[in-house]
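As they're listed, the protein sequences go chains Y and C. If you read the first sequence in the UniProt record's numbering, its first letter stands for residue 1, the second for the next number, and so on. If you read the second sequence in the UniProt record's numbering, its first letter stands for residue 1, the second for the next number, and so on.
Since the hints were made in silico from the structure, they are not lab data. There could be a bad hint or two in this list.
Identical chains share a label here; the pair holds if one copy fits it or two copies do between them.
As the list claims (entries may be wrong) - Taking lysine-lysine and the BS3-like style, the derived pairs with C-alpha atoms no more than 25 Å apart in a straight line are: (1) K15 - K88; (2) K22 - K80; (3) K22 - K164; (4) K97 - K22; (5) K15 - K164.
All of these numbers come straight from a predicted model, not from anything done at the bench.
Number of protein chains: 2
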Amino acid sequence: MYEGPIQDLIDQLAKLPGLGPKGAQRIAFHLLAGENVEIDRLMAALGHVRDDVTFCSECGNVAADKLCRICGDARRDVTKICVVEEPKDIYAIERTKEFDGRYHVLGGALDPLSGIGPDQLRIRELLRRLGEMPDGQEVSEIIVATDPNTEGEATATYLLRMLKDFPGLSVTRLASGLPMGGDLEFADELTLGRALSGRRVLV
Amino acid sequence: MYEGPIQDLIDQLAKLPGLGPKGAQRIAFHLLAGENVEIDRLMAALGHVRDDVTFCSECGNVAADKLCRICGDARRDVTKICVVEEPKDIYAIERTKEFDGRYHVLGGALDPLSGIGPDQLRIRELLRRLGEMPDGQEVSEIIVATDPNTEGEATATYLLRMLKDFPGLSVTRLASGLPMGGDLEFADELTLGRALSGRRVLV
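Chain Y on its own, in the form it takes in the complex (with noise of 0.2 Å):
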């Protein structure tokens, strides 16, 4: 056991994810032998991401104004809505530079077992955004973009009845298969599968 304020903090670092007791003792040390600078810093950051932090009223992304940085930015393209699970999905797309059209954050994905239904997640949100959309615009293609994990496919199979529809739109899925860089030998069955029956035409 440690001196009381000590253990206080290492037990709530301790239930950060990726951190365990260790680890979190680890970072309670190190923040113990730096004279209050960075406990200063953490803790303004913390207060920070509290006090300016909001959800966008259009995609549900993570935004410090009422709308969020891709939401506010007109050069995106609207006519392509990307749906994913979590904000940070948003920042993994985003990574990847391929996509410049907006988003929508489900908050999650079904999941019954844990109470999870259609109405726990900005579904009607996502309707209402593709009937409410201003004059001359229209949204041509949603994309899920929600984990290739059995609640992720749940959810999506969940969206594209529907979704299916509505007139003039199309519903497209991330593909699944091989990751990059990755060996043949040590893919699962399941991915290889769907690298298989999603196999693309060179010629």
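Dock chain C against the given chain Y, drawing on the hints supplied.
Same frame as chain Y, now just chain C:
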């Protein structure tokens, strides 16, 4: 790039030991999803450590009071002092439940290349402690528990030279050898060599 405050928090978190940009990002988004309760708790714990934790005037351990929990405990054996590099080493030794004496924190190990000489460590304080024992009390053993690496070994050698002329004082060093639960064939030569030269007589 994330929205300003989030990027700031990720940058601050990524500076902590054991956390890279990915881990920092994961924690930042975890905190964002927590509706501020967890951020508040974490900030309170950080503030508490910043404001209420000092260093023990006797041994240099972290303390919530003038004396740390161990120096303030009259049941601990005052005749044995275990010398460690950092406060966290104290907790590692406490977990063994094998030592009931006091500690002395050096605040590091000799490392001339990084500008850490004897004056940067709390060696003078250790000598003063030995010289200023209350009447009738005497330190009979100093256990040097610095790390078993170059800096720790150099520090142990230096301490031995400083302490060897104290009358009636025995200076000991933690044993080096094979880690328990380990496998002999995977031990490095240095460790195995130490295990051999430090072998114990069984019968």
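Now the hints, each set against the structure:
{"no.": "1", "hint": "K15 - K88", "verdict": "both (20 Å within a copy, 20 Å between copies)"}
{"no.": "2", "hint": "K22 - K80", "verdict": "neither (45 Å within a copy, 28 Å between copies)"}
{"no.": "3", "hint": "K22 - K164", "verdict": "neither (50 Å within a copy, 36 Å between copies)"}
{"no.": "4", "hint": "K97 - K22", "verdict": "between (37 Å within a copy, 19 Å between copies)"}
{"no.": "5", "hint": "K15 - K164", "verdict": "neither (42 Å within a copy, 47 Å between copies)"}
Taken one by one, the earlier hints fail for this structure at numbers 2, 3 and 5, listed in ascending order.
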